[in-house]
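If you're matching them up, the sequences are chains A and B in order.
If you're matching positions, the first sequence starts at 1 in the numbering used here and goes up one per residue.
If you're matching positions, the second sequence starts at 1001 in the numbering used here and goes up one per residue.
Don't read these hints as lab results, they were simulated from the structure.
All C-beta atoms, glycine included, are put in the ideal place defined by N, C-alpha and C.
A few of these clues could be false.
[As the list claims (entries may be wrong)] Ranges between beta-carbon positions, derived for each pair: (1) A:S119 x B:E1322: 50 to 56 Å; (2) B:P1340 x A:L93: 46 to 52 Å; (3) B:D1031 x A:D132: 31 to 37 Å; (4) A:E46 x B:S1069: 39 to 45 Å; (5) A:L93 x B:T1341: 44 to 50 Å.
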Amino acid sequence: MTEPHVSSTISSDAAPAGAAPRMLLAGLPSDTHTWNLVYLELRYAERGYRVRNLGCCVPAGELLEAAGEARPDVVVLSTVNGHGRVEAVPLALELRRDPRLAGVPIVVGGKLTIDGRLSAEAQQELLAAGFDAVFSGEDALTEFDRFLEARGIARAGG
Amino acid sequence: MTRAGGVTALQDFIDALDGVVACQPRFGMADPGAMRAGLRAIRDLPGPTIGTITVDAFTRERRYAKVASALAAGEPLNGYPIVHEPAEVTRGMIDGVAGPDFPVQVRHGAGLPGDIFEAAARAGIDAIEGGPVSYGMVYGRTPLATAIGAWAASAERWAEVHRARGVTPHVESFAGSLIGQLCPPAMHNAISILEGAFFLGHGVESISLSCAQATNPDQDAGTVLALRRLAERYLRGARWHVVFYHFMGLFPETERGALALIRSGTRSAAVGGAARIIVKTAAEAHHIPTLDDNLRALRWTRRCADEFRGEAPSAAALAWSEEIESESRAIIEAVLGLRPTVDGAIEEAFRTGLLDIPYCLHRDNANAARPALDRTTGALRWARAGNVPIPRDHIVQRADASSSAILDDLNYNRREHDRAARLEHHLV
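Just need the whole structure built from these sequences, with the hints factored in.
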């Protein structure tokens, strides 16, 4: 499949070109939730990102294909169904093996466990699998914004 | 009662209740013993209850190797792996618990449901749910045409397997939920009816139509009333009832707020005449509900349903029911006029945007229609209709579709009910 099964008509296509950082956004393979993805797309489109939103239930293969086309500056996986911790580890290993994402920061965030708590050990496991950062809990978005700035991905003044 | 002659356990159970609403949780445990214990506890609650076996997310996505490896590693699953477990295990799990006085339904969320339908049928379970749009499009990325074909085949097989045993099986359309919140009710009702007609067309004669609590109680009661009238009009030949879902979106964080929201939804369901309620719990905002959370929520819903039983609709609810019914009829008539079969009509309707689910990211959805949530009353209207045949005077102008506006809208019920709960707490 060369095209993801998603219509990305939420944000306007008129995001500033050139300097606009590119964000590839996706739900984990078994996660059907989409409001998290709708919100993140709008939020970062408003901040000048060119967001490609692949929607929910994205398999690794489709994500890699989209990454090859979109050449993202950051890959954002968002999940809220409680399976994230189990599912994200092998996914990160698979994404990290692929040259199309070499050097591209990959982050995961949301509600990653069934009880909503993420132990330090689980966090370490996710980082060791290849994520550059893991965001969960109340300050997840603030921390994610700081991460984007620290990595020089955020637009100046954006 | 499950016996020969085209009798349906779930619909018979509902009919025998004579207007007393049945309460049903969402609940799934990976371990058959724990699942059985949960079903039994739900059965033993006061008032009519219906059991649910919620399937885990890996099974829903047909990632059966993941199910096996998670189970082997002792990782928790968020539901019962019905395809992984042999039919005898599932049969044994419900044996002596499920029966004519306690129907059990499988709930799953799968876009491609064949394996789950098959596993449920083999285990002797005759009630299930979903739909090619409500699960196929909203809960996955399968192309709509593929989903329609898969659901048609699953429905036909479902009807055939059960009929061979003398049972008329049941399917519930999940269209009351769609994207969970912010979809105007006329679209929910139209798709519920179209999915009902779809299942009827594929041999499933016992159907439930769903609608969900949104953000204005009178509008919600009107949605139920309208859906019942639409079913009378468009689903002749089916046995049907209406199932009401407590709010499917962001739940209040305070317990008082959550309980108030559940009470309000239960009232709308009672006023509108829903036969069955799928309950939410006070834990909704915090974690996937435990058995205890569910038992408490079922008891609370029962109390509220008893309190509001027989309450007449307000003038506002009646006015909403007429507006919603007329909008839904315009949509349904336009869709059914597109093609000779319901299957073809649904597919063409999404292609042309006559059916359009706001904010649904699926590639086959036009995603041009937008809702408008009235910040004062909570009522949901249309801000943009796209190609949905909504009368021009039903469309309200609403320019702000920013991320913060969407977040405000998504948080409406949480904000309003938490605020009221905190205020009440200070006064008491």
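Right, here's what the structure says about each hint:
| no. | hint | result |
| --- | --- | --- |
| 1 | A:S119 x B:E1322: 50 to 56 Å | holds (54 Å) |
| 2 | B:P1340 x A:L93: 46 to 52 Å | holds (50 Å) |
| 3 | B:D1031 x A:D132: 31 to 37 Å | holds (36 Å) |
| 4 | A:E46 x B:S1069: 39 to 45 Å | holds (40 Å) |
| 5 | A:L93 x B:T1341: 44 to 50 Å | holds (46 Å) |
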